[in-house]
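Novice: In the numbering used here, each number is its position in the sequence shown, counted from 1, plus 111.
Mixed in with the good hints there might be a few duds.
What the hints assert, rightly or not - Label pairs and their calculated CB-CB ranges: (1) ARG392 - HIS182: 24 to 32 Å; (2) ALA340 - ARG392: 32 to 40 Å; (3) GLN398 - GLY201: 21 to 29 Å; (4) GLU396 - GLY270: 31 to 39 Å; (5) GLU125 - PRO345: 45 to 53 Å; (6) PRO146 - GLU344: 40 to 48 Å.
Said to hold, decoys possible - For lysine-lysine, the following DSSO-like pairs were computed, each having C-alpha atoms within a straight-line distance of at most 27 Å: (7) LYS257 - LYS395; (8) LYS181 - LYS395; (9) LYS395 - LYS384; (10) LYS294 - LYS181; (11) LYS181 - LYS289; (12) LYS294 - LYS395; (13) LYS384 - LYS294.
These are calculated hints, taken from the structure and not from any lab test.
Even glycine gets a Cβ: it sits at the ideal position worked out from N, Cα and C.
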Amino acid sequence: MGKALAEAYAVARETFEEIDEALSQKLSRLMWEGPESDLVLTENAQPAIMAASLAVVRVLEQEGGLDVAKHARLVAGHSLGEYSALAAAGAFTLADAARLLKIRGQAMQAAVPVGLGAMSALLGAEIEMAEEAAREAVAAAGPDEKNPVCVVANDNAPGQVVISGTAAAVARAGEIAKAKGAKRAMALAVSAPFHCPLMQPAAERMAEALAQVTIRPPAAPVLANVTAAEACEPATIRRLLVEQVTGRVRWRESVLALRRLGVTTTVEFGGGKVLTGMVKRIDKELQTCTLDSPADIEAFAKTL
């Protein structure tokens, strides 16, 4: 993650060093050398993904003259990516974004005992079907099942909805969804049930952490996960980031809003092509671009 950029550009190396210093941790070494078992821990994975994205942004700013205020109508990110988007737009410092994501990862991991929660991707399910399956799964809980929870966590794209909650309820919802016509219910290898009410302790921890950080008006509005609408006022951004911990990631709705808001092209900074793939499934008329390698960046810089 990000190694080729660090080798090619001094500003990318400086970005990783700044994040290492903010965390008092050699996160960059973990990103480049592993072990992968440590890197995938959510407290490391969240700041690492942000680091890879912001390294691309910093390189483009220096090498290509990227100016978010001038070149971007909006910024957006999926779940933790919303912090990356806000850092790219100058709402957070890089150091604050890294520290917040470290806390977020730790808080989300600690919120629910291992094994109690689960997440599952319902493939071939539309949002209404997933919502019905989640409701029915909770209603069908047996007397031994205390406080069952199952909600839609990520509305990612047509035919790809993720549910989250207590393990038994999520498993039951998957079976109900398949009976309703979903192609598959695929259990996700996650360490906790993200974006559901079980994350309330993590939301409270993030409210405390965000209260101690300066948030500036972003250079371009952020398209917030929990509302699929623009936000640019610091107090609103702070509130929505807290709500995001337990709330639904409305990615499909966010992408559907883009052209109405004047966006014709999406650019994915770092992290591969996952979001771009979703964008193509949601709105085939949007132009897309993914930036990961030095070659990608050099080609894109010529278009600015």
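Novice: If you check each hint against the structure, which ones fail?
Specialist: 2, 4, 5, 7, 10 and 11
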